[in-house]
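Q: Here is how the chains run, residue by residue.
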Amino acid sequence: MSTSFYIGALELATGAVLVCAVMTLWRRQVRTIVTMLRLQGVALACVAGVLAWHEHDLGLAITALLVLAVKGVLVPWLLRRVIRRDPRSRETAPLINVPASLVSAAFLIVVSYVVTSKLTALAPSAATRLVPIGVATVLVGYFMLVTRRRAVSQIVGLLLVDNGIALVTFLLTAGVPLIVELGSTLDVLLVVVVLQVLVVNTGARHGSFDLDEMRELHD
Amino acid sequence: MVLFMAGLGCCVLGVVAATVISLERRVIVVTLVGSVGCLLTFTAASQVLVSGRAESFHSSLVLPLAGINLTLDPLGALFVAMTSFVGVATLVYCVGYARGELRSRSALSLLLVFLMSLLVVPAASSVVTLMFFWELMALSSMLLIMVEQRRRVETRVAAQWYGAMTQLGAASILLGLLLLSTKGGQTFGDIRSHVAALSPTLRSFAFVLTLIGFASKAGAVPFHVWLPKAHPEAPSPVSALMSSAMVAMGVYGIVRVGNDLLGGGTLWWWIIVVALGVVSALFGALHAVTSVDLKRLLAYSTIDILGLVLIGVGCSGALAASGHPRTAHLALIGALLLVVSHAAFKGCLFLGVGAIERATGSRSLDHLGGLIRRIPISTALFVVGALSIVAVPAFSGFTSEWLLLQGLLHGFVGKSSPTLIMLLVGVVALALTGGLTAVAFVKVIGIGFLGQARSTAAASAHEVPRTMQIGMGILCIPCVVLGVAPGIVIPLLNRAIQTGHSSSVSRPVETGIGLSLVHLRGAIEPMLLLAGFVVIVAVIAGANSIRRRPARKVEAWRGGGDRPTARMQYTATSYAEPLQRVFADVLRPEIDVEVTHAVESHYYEQSLSYESRVGDAIERLAYQPAIRAVTRVGLAARRIQNGSVHRYLAFGFIALLIILVVLA
Numbered sequence: 001m002s003t004s005f006y007i008g009a010l011e012l013a014t015g016a017v018l019v020c021a022v023m024t025l026w027r028r029q030v031r032t033i034v035t036m037l038r039l040q041g042v043a044l045a046c047v048a049g050v051l052a053w054h055e056h057d058l059g060l061a062i063t064a065l066l067v068l069a070v071k072g073v074l075v076p077w078l079l080r081r082v083i084r085r086d087p088r089s090r091e092t093a094p095l096i097n098v099p100a101s102l103v104s105a106a107f108l109i110v111v112s113y114v115v116t117s118k119l120t121a122l123a124p125s126a127a128t129r130l131v132p133i134g135v136a137t138v139l140v141g142y143f144m145l146v147t148r149r150r151a152v153s154q155i156v157g158l159l160l161v162d163n164g165i166a167l168v169t170f171l172l173t174a175g176v177p178l179i180v181e182l183g184s185t186l187d188v189l190l191v192v193v194v195l196q197v198l199v200v201n202t203g204a205r206h207g208s209f210d211l212d213e214m215r216e217l218h219d
Numbered sequence: 001m002v003l004f005m006a007g008l009g010c011c012v013l014g015v016v017a018a019t020v021i022s023l024e025r026r027v028i029v030v031t032l033v034g035s036v037g038c039l040l041t042f043t044a045a046s047q048v049l050v051s052g053r054a055e056s057f058h059s060s061l062v063l064p065l066a067g068i069n070l071t072l073d074p075l076g077a078l079f080v081a082m083t084s085f086v087g088v089a090t091l092v093y094c095v096g097y098a099r100g101e102l103r104s105r106s107a108l109s110l111l112l113v114f115l116m117s118l119l120v121v122p123a124a125s126s127v128v129t130l131m132f133f134w135e136l137m138a139l140s141s142m143l144l145i146m147v148e149q150r151r152r153v154e155t156r157v158a159a160q161w162y163g164a165m166t167q168l169g170a171a172s173i174l175l176g177l178l179l180l181s182t183k184g185g186q187t188f189g190d191i192r193s194h195v196a197a198l199s200p201t202l203r204s205f206a207f208v209l210t211l212i213g214f215a216s217k218a219g220a221v222p223f224h225v226w227l228p229k230a231h232p233e234a235p236s237p238v239s240a241l242m243s244s245a246m247v248a249m250g251v252y253g254i255v256r257v258g259n260d261l262l263g264g265g266t267l268w269w270w271i272i273v274v275a276l277g278v279v280s281a282l283f284g285a286l287h288a289v290t291s292v293d294l295k296r297l298l299a300y301s302t303i304d305i306l307g308l309v310l311i312g313v314g315c316s317g318a319l320a321a322s323g324h325p326r327t328a329h330l331a332l333i334g335a336l337l338l339v340v341s342h343a344a345f346k347g348c349l350f351l352g353v354g355a356i357e358r359a360t361g362s363r364s365l366d367h368l369g370g371l372i373r374r375i376p377i378s379t380a381l382f383v384v385g386a387l388s389i390v391a392v393p394a395f396s397g398f399t400s401e402w403l404l405l406q407g408l409l410h411g412f413v414g415k416s417s418p419t420l421i422m423l424l425v426g427v428v429a430l431a432l433t434g435g436l437t438a439v440a441f442v443k444v445i446g447i448g449f450l451g452q453a454r455s456t457a458a459a460s461a462h463e464v465p466r467t468m469q470i471g472m473g474i475l476c477i478p479c480v481v482l483g484v485a486p487g488i489v490i491p492l493l494n495r496a497i498q499t500g501h502s503s504s505v506s507r508p509v510e511t512g513i514g515l516s517l518v519h520l521r522g523a524i525e526p527m528l529l530l531a532g533f534v535v536i537v538a539v540i541a542g543a544n545s546i547r548r549r550p551a552r553k554v555e556a557w558r559g560g561g562d563r564p565t566a567r568m569q570y571t572a573t574s575y576a577e578p579l580q581r582v583f584a585d586v587l588r589p590e591i592d593v594e595v596t597h598a599v600e601s602h603y604y605e606q607s608l609s610y611e612s613r614v615g616d617a618i619e620r621l622a623y624q625p626a627i628r629a630v631t632r633v634g635l636a637a638r639r640i641q642n643g644s645v646h647r648y649l650a651f652g653f654i655a656l657l658i659i660l661v662v663l664a
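In order, the protein sequences belong to chains U and S.
According to our numbering, the residues represented by the first sequence are 1 to 219, in order.
According to our numbering, the residues represented by the second sequence are 1 to 664, in order.
If you're looking for bench data, these hints aren't it; they were derived computationally from the structure.
Keep in mind that a hint or two might mislead.
[What the hints assert, rightly or not] Ranges between beta-carbon positions, derived for each pair: (1) U:Tyr6 to S:Ile640: 47 to 53 Å; (2) S:Leu178 to U:Val73: 52 to 58 Å; (3) S:Ile640 to U:Thr3: 36 to 42 Å.
Fair warning: this is a prediction, and the values are worked out from it, not measured in the lab.
Quick reminder that beta carbons are idealized off the backbone N, C-alpha and C, glycines included.
Here chain U stands alone, though its shape is the one from the complex (with noise of 0.2 Å):
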């Protein structure tokens, strides 16, 4: 594979799982959200699969695979399994609306290629200069997090958290060892599992899955 190719692909794979976060934030349909999710993780599974076609690294290459089964399959699957039982919560609610989000999602990009300035003149590279993109990832992923009502959209936050994390991991060090990697990934399924579980329990116990009503159970 050429350099120049080999980096053009990085970036276009890097850039579509941030795109993908914006988007999350964007859109107001859920069943979009979780499509636009899926999406990331294809293109996450599409950034570990050209590091490991450029490093030659076969366990990458598994990991690769793992991501797409995981997040590019699986998880957005359970998450249609948890809409189609809640009716209610086909839009999200968000606390701070669409525009002012997206204004705020620029914002918080700016600040992670601020912030991440110096670990990226540690080790120069086509993959380390790519990093910003991981740490905005999260960083939308944590304001997704804030700022929706609905507990679907809450999952959504916290898995962007996690995409945005991976892509950090495999763009510094080219993947971690694959039992560590299967390990978080399977975690990160676990995770899903218990709140699709525990988001239905909620939302038939209490008739609601609005973090915000959940506020009387505090001490």
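Dock chain S against the given chain U, drawing on the hints supplied.
A: Here is chain S on its own, set in the frame of chain U:
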């Protein structure tokens, strides 16, 4: 060291035994294993004291990262031996005492954990080891206070106070010791070799920090508030261990850090120690006089005896700092001997109160009376402890306070005026405290054991099980032996303090059977005193038997009233009332007098009720406002927490952003 480790192993075995053995045999097995452990550690410590050679042990397996460092040097060995001795007595006592909650798995295993940590603390020779076992000691004793928490809610309040105070103290000690180990190495050896390189300000800072922590453990005023709450609420064996062994660890810490690790220090450090001691001694003694609850009285008397010890330690340090090593040694020997004999007599007294509580169901003096006829053996053992604490000659308290006083009096040769003033105040405090302690224990014996029973429970008291008496009896042995033949322990104490001071002076006290001070005028022969006393008693008894007169029986004068009843006797409150009146400015008693007049005439009184409460003035004036302030801040902080998940997440998010921006 093998014996010592084997002893600790026995304690661990006892913890295991406490959890697996069924209820019927649990107490006897656990106490047996624990006692064997204590005997082993006692032997190990005595060997070190006799030979004067320190032994060490290091293992990196027990505690992660730092490992465990133990060194049994003579100073530590003295405290280990003392703790082991009290431990054996307490465990034997437990065989008869343990009932209900104290027989549970958790309580018995905690008791052995507490005992083990008490044994390790004086042997610890690194900061990590010391702090680990210090915390273990604090936490296990805190849980032991709460053993009866289902039945008595007040134990929870006591444990809360104790927990807060002991954690603040531990934090202060940790900070101080960390300051000392900044130049490398956290073992005591490293600290000793590096301490000279530290700046004097840093050393002083470290000393003051550790002093606060250790003094609060030793119950020094104003850090004493936990003590009169915690000691009364714990089961009696636990109170005995806490009061005789755990409180002594505070003194150990001050001597270890001040004399050993920091190698003496400057004059003003020790003036602070003496000031703490003087205030505690007087405050404790005054409260002991006015207390009606027996355990509370003993708790306050712990504060006063430990105050005397601090006076001794402080004066010793000050004398050493101003160049009088001989008198410094004398005062330190007196102080340490007082710690040891305090362990014996206070342990005996606390166990004795446990026996009274078991026999009558009450520990309030106003419900007791006439116990000498109902429980004669327990009374005799309690009286031995009481004679010892009021420093009657031929008992251990006398010997130690005599040595302490000699140390202070012979220090007057010094010229520096702060030292002179300090010594003078120390001597006066020692004398006044001695007098007040005597009043307190005359009250206990007179009101509690003599006279008529003030309640039906006291009138029908039964003698306690034999093992409880044996437990108290074991602790009476040192009370008498140290009083009659102090010569046998003084050489060991001489060795124990050699670790402390850098300039080693050979033997300030010459010992035969009695004691005489080297190069100073002063000697006592308790054996001769005792012999003289016996001769005088024999002569008087003989003279009486020669001219025997028949006893005349007459009725007591009762002022025209009816037959005297038990309620006409002196009560504990009325006995202490004059002193309470004299010291009203310090004690701040709250007195309610309520008079109900007859309907017919204002001049006739139908009933009269009198109530006086002596609260802790320091707690009321210093601690309560602080607690209120903290509570107010806490309530204000709750406004931030409204239960919204989003708000909590936003806090995290903003904090993350701030950290990122600051780091970039």
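Q: Hint says 36 to 42 Å; check whether the CB-CB distance for isoleucine 640 of chain S and threonine 3 of chain U agrees.
A: Between isoleucine 640 of chain S and threonine 3 of chain U, where Cβ atoms are some 53 Å apart, the hint is violated.
Q: Is the distance from the Cβ of leucine 178 of chain S to the Cβ of valine 73 of chain U consistent with 52 to 58 Å?
A: Given about 53 Å between the Cβ atoms, the range holds.
Q: Does 47 to 53 Å hold as the CB distance between tyrosine 6 of chain U and isoleucine 640 of chain S, or does it fail?
A: Given about 50 Å between the Cβ atoms, the range holds.
Comparing the model with each numbered hint stated earlier shows that hint 3 is the single one that does not hold.
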